[in-house]
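There are 2 protein chains.
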Amino acid sequence: MKLKNYLLFGLAAATMTASFQACKPKGAGSAVSGDAAQRTYIPPGQHDEFYNFVSGGFSGQMSVYGLPSGRLFRVIPVFSVDPEKGWGFSEETKPMLQTSHGFVPWDDLHHIEASFTDGMPDGKWMFANSNNTPRLARINLQTFRTDEIIEIPNTGGNHCSPFTTENSEYVIAATRFSVPPDGEGDVPIDSYKENFKGHISFVSVDKQTGEFDISFQLKTPGLNFDLSSAGKGVSNGWLFMSCYNSEQAHTLLEVNSSKNDKDFILAINWKKAEEYIKAGKGKKQNNVRYAHNKWDEHTHTAKHEIKTEVTVLDVTEFEDLAYLIPCPKSPHGTDVSPTGEFIVGSGKLAALIPVFSFDKLQKAISAKDFESELYDGIPVVKYESALHGEVQKPGLGPLHTEFDDKGNAYTSFFVSSEVVKWNINTLEILDRQPTFYSVGHLMVAGGNAKKPFGKYLVAYNKITKDRFLPTGPELCHSAQLFDISGDKMELLLDFPTIGEPHYAQALPADLIKERSLQIYDINANKHPHKTNGESEARVERNGNIVRVYMTTIRSHLTPDVIEGIQLGDEVYFHVTNLEQDWDMPHGFAIKGANNSELLIMPGETTTLKWVPDRVGIFPFYCTDFCSALHQEMTGYARVSAQGSNVPVKYYTGEKTE
Amino acid sequence: MKLKNYLLFGLAAATMTASFQACKPKGAGSAVSGDAAQRTYIPPGQHDEFYNFVSGGFSGQMSVYGLPSGRLFRVIPVFSVDPEKGWGFSEETKPMLQTSHGFVPWDDLHHIEASFTDGMPDGKWMFANSNNTPRLARINLQTFRTDEIIEIPNTGGNHCSPFTTENSEYVIAATRFSVPPDGEGDVPIDSYKENFKGHISFVSVDKQTGEFDISFQLKTPGLNFDLSSAGKGVSNGWLFMSCYNSEQAHTLLEVNSSKNDKDFILAINWKKAEEYIKAGKGKKQNNVRYAHNKWDEHTHTAKHEIKTEVTVLDVTEFEDLAYLIPCPKSPHGTDVSPTGEFIVGSGKLAALIPVFSFDKLQKAISAKDFESELYDGIPVVKYESALHGEVQKPGLGPLHTEFDDKGNAYTSFFVSSEVVKWNINTLEILDRQPTFYSVGHLMVAGGNAKKPFGKYLVAYNKITKDRFLPTGPELCHSAQLFDISGDKMELLLDFPTIGEPHYAQALPADLIKERSLQIYDINANKHPHKTNGESEARVERNGNIVRVYMTTIRSHLTPDVIEGIQLGDEVYFHVTNLEQDWDMPHGFAIKGANNSELLIMPGETTTLKWVPDRVGIFPFYCTDFCSALHQEMTGYARVSAQGSNVPVKYYTGEKTE
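Sequences listed follow chains R and A, in order.
Just so we're aligned, residue 1422 is where the first sequence starts under the working numbering, counting upward by one.
Just so we're aligned, residue 1422 is where the second sequence starts under the working numbering, counting upward by one.
Check each hint, because a few of them may be wrong.
Heads up, the list lumps identical chains together, so a pair's fine if it works in one copy or across two of them.
Unchecked claim - Think about it this way: if two alpha-carbon atoms lie no more than 27 Å apart in a straight line, the pair counts; the simulated DSS-like pairs of lysine-lysine are:
| no. | residue 1 | residue 2 |
| --- | --- | --- |
| 1 | Lys1728 | Lys1699 |
| 2 | Lys1784 | Lys1947 |
| 3 | Lys1728 | Lys1515 |
| 4 | Lys1951 | Lys1886 |
| 5 | Lys1951 | Lys1728 |
| 6 | Lys2070 | Lys1614 |
| 7 | Lys1515 | Lys1781 |
| 8 | Lys1827 | Lys1781 |
| 9 | Lys1515 | Lys2030 |
| 10 | Lys1680 | Lys2070 |
| 11 | Lys1934 | Lys1886 |
| 12 | Lys1724 | Lys1951 |
| 13 | Lys1951 | Lys1702 |
| 14 | Lys1704 | Lys1728 |
| 15 | Lys1640 | Lys1680 |
| 16 | Lys1692 | Lys1876 |
I should point out that these hints are in silico values taken from the structure, not numbers from a laboratory.
Whole structure, please, built from the sequences with the hints as guidance.
So, in structure tokens, the structure goes:
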């Protein structure tokens, strides 16, 4: 009967997107506030109220919008090369995308979460997870660049990530696909239950520098961790993670992992785990290999390092680390309320939303009010014992829940394509608004913090179809901005997004503006190939390595004429931008180079590698329009045959060397 | 004195950006229309009025915005890989970015221009130029994808491009940096005047298929071609190109190419050149090597080919092909009015704008009203003989001119940071509006066509600084939308842009909407590794080549469990998306792959190559949220040691092979 139920609902859920489209409302005029234009318009010269940091999903990037205007200010490369920023093409940035199995130019970024201090975003960093090649990243909100990436061992699909604890003591990275631990991999896939394990990584964040360290991993039986929230306030010290494949299926999950009426939320007492680690209970695992890449702000260069050890604690060896809370059905989002007291489980195939009480959970654990043990001895708390209550008939396909500053929760419904507002205490439904179409994640400004900012909610929709002018078979995804300051949600604006927006954060503009850097101090630039002013511009040959120490300032490149390069040479253009004025980048490109461009911010040194493949004259130029005489900011390099007697020679305007 | 003049003005021009900032107006409230919010707001469910196709500059991409909302609907990869589209990562798309010197993942796209029929955009294609690695591209407006890229031989910096003739008979590609012809390159750079040549390529466009062919090249003395406009209407058959380095300087152009009070516009009689080519006057040059890459719409795969011949006509060998028109001073834009009668030269260091008359030019040529011959015998028409008149005191640093539907011209001024409206006939200045900051290109909807659409003008500004919320040292560029339907220009909106917007086009929405494709017909898919439905999904080994014929449809990948892969294998996942519903793409990623993802549009087959580097279990999954059971759309691949006896085995839900 369970299977039959599933098939009926599952089939409906899986195909509902299509059938929903057929009967979609025409336009959306009725829900739109009459003065929405005024409320989303930012007059030229004025600034938006919030920064909206939005994950890019399969693009591997993170984008930055203004709210309420919905304007895109920046796409930040995180796990992918980016030709708009030159990220991953210069010699300095390439190491950032190295992994234990080489250079990965494109990956799948899922969620982002802000760094927190006392449960509130502190404006220092954004954290992001790479799903396919399991990694965590830290983005610096002074520079809007990725400062650090760490690979996560023993993990398959780092989806349940990068959710942080109340003071960002740890960023969590947990396996969506259980896999055999690293080094124990050549086993039959149908031995899943015996050989496949889950790992939950606690990656510490240095309070000052932000630097990552995999403090420890918790090893679990084979489970699929989907999403998580750390406790806060009363529940600080705990972590809650949705597990959607309680069946431990390993094939045709569409059917086989959707059989049970209830799956689980796994509650982890991470403070207790910390104690065990301090007491030396963890085991060193030395057969792992993972990349740890850091941006060096002094040399303006990324360093790539491989690490080979991690400390692992097996939760099944301890009685008081992990508890399973039954949760109907295939839970996706697991979201903790601002006070930390309530844990909302969104079972994507469930017809209700269970809300668990942290207080009741603790009492149930103390009283050992368990219904069973599963998966090598993890206690299963009785559903009713942990339950605060259920939101009845909320909609179809609940996915995620966010919170406002007035005691309300907002849940996204993929199948019935709507956002539903309900009261956290009374569980009463207060409002519902359709979304166009099939909302996935949603975000309230500060909606995962102790004191949400409220005011705006954004629905990030999975299906776009006719919402914007068509662009062929491949369409942007779509976001919808709602004003939630009144009793009813008011739709204000549709705006397109980059990649696939999974989770997002909105931070008040002032929190970031105050920290934002305008230039890099050229005196602090310690790049090993920096050129200290035009008088030091030069060309140096060492064997077949030719280094061009070049400067750029309005409106010339120095040197601008270079001879004496030969076939077989490796040429490095180390270009230093001498400008110390905000928004005065220069670019550099030379014909014949494969990674053919650079972008250099004021005060930075950046390097282009060129291995000429033919004899000739190769023009180079500034690629970023900088001044009235930008078009004149050019030069030529001459490449001669190997063994040619053309000497190294360069012109710097006044002098020829 | 000339030099002194230059130094005064040039220094002012070069540094004015900085000083201008110091005295910039606070905000821009006064110029903004009171109901700008209403006039730029597109209510949810409704569509924008125009598509705005905008070049991405150094990003190598082209972006598509809606007007008047300024919303970004799509970034189209053209000369760069793009992690949002998977462009340049799949086996099918990689060949599109091959050049004669290998794979170029990032390049510098400068201008775009629409395909024209009888002087009006026909909605079929956009053309784009790559500046650094000289190339032309054709973007298909049914699919919003790049369908073709051709490399341009004998060329250095393909900046003066891709401007097309009245019926897009030809797209022009001309050298910004003269260089020695291919194969004659190892010469001293200071032999510029003798050895460096300009080449202007006439690339024909097949009226039906759009296919490119380098019909012929015109070889000229060493000149810098900056921008061009083809004649239209009365001047159809001619081409006008700005030349900013009449001094033929090769070093410190900031000073040395800015000495002359007048440089030139080169007028080319291309119909005459066509006749000479037909008469066999061109010379075959066989020492060139250039890539010609085409997307095959049947196999969904790019083909890369190298060509080795081009036909060249030396303009100095003919009396009636090319004429120089003196133009003050360092001309940048050269723009032809809607009737074709007027040619506007924007000398970026000039204090006036000369407007030339095509009729007077023809009369001067007939009368041989020349002031001299230059550069091996090219006649120089007398300035006054070709001049319609001068716009006096227009502003500082004129760059580009566009036209409206009422006989007006609009010129951008970089240094004085404004757009100036003037009457084409009377040359009277009618209005001026400040831009924030330092406008480069500008665009009127249809402003380069025979019958401009008018209504909107967009200024694409080079400096952003404080216009939007700050994002560290690296900022987006900025556009400003003006309503030009009244007597005075009205500023409506600031919106951020992707990369560096050089030229742009705006086309009425209906022209594109009608042609837009929603899905790829799966029955027409002739990919050699297509899978015709789930029953054909399979794994095949041939030596160390393993091919996975995979299908994807809501909500499963078939096969979803694969064993028998060994170290040393090359694994190809050929993934066919069986969906035939608009906006139902699927993604694919597998842990351990370097090009780790695919995006597959409905009806397409796309290939990911994977060379495993270690033994283990590697999860794979759909990367583009597609359905309520998307999270269940996963599988596992097992990699064993080389020589292992684990047989090739795969599961397709019901059956195991």
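Quick rundown of the hints versus the structure:
1. Lys1728 <-> Lys1699: So Lys1728 and Lys1699 pass the 27 Å test inside one copy only (21 Å; across, 67 Å).
2. Lys1784 <-> Lys1947: This pair counts as neither: shortest intra-copy Cα distance 57 Å, inter-copy 63 Å.
3. Lys1728 <-> Lys1515: within (18 Å within a copy, 33 Å between copies)
4. Lys1951 <-> Lys1886: Answer is between; shortest inter-copy Cα gap is 26 Å, intra-copy 50 Å.
5. Lys1951 <-> Lys1728: Answer is neither; intra-copy 30 Å and inter-copy 41 Å both fail.
6. Lys2070 <-> Lys1614: Classified as between: cross-chain Cα gap 20 Å, same-chain 68 Å, threshold 27 Å.
7. Lys1515 <-> Lys1781: neither (50 Å within a copy, 57 Å between copies)
8. Lys1827 <-> Lys1781: For Lys1827 and Lys1781, only the intra-copy Cα distance (23 Å) is at most 27 Å; the inter-copy one is 75 Å.
9. Lys1515 <-> Lys2030: both (12 Å within a copy, 21 Å between copies)
10. Lys1680 <-> Lys2070: Classified as between; 26 Å across copies, 75 Å inside a copy.
11. Lys1934 <-> Lys1886: Between copies, since 13 Å is at most 27 Å while 36 Å is not.
12. Lys1724 <-> Lys1951: Answer is within: at 17 Å inside a copy they meet the 27 Å cutoff, but 42 Å across does not.
13. Lys1951 <-> Lys1702: neither (48 Å within a copy, 53 Å between copies)
14. Lys1704 <-> Lys1728: within (16 Å within a copy, 61 Å between copies)
15. Lys1640 <-> Lys1680: within (25 Å within a copy, 73 Å between copies)
16. Lys1692 <-> Lys1876: Classified as neither; 34 Å inside a copy, 64 Å across copies.
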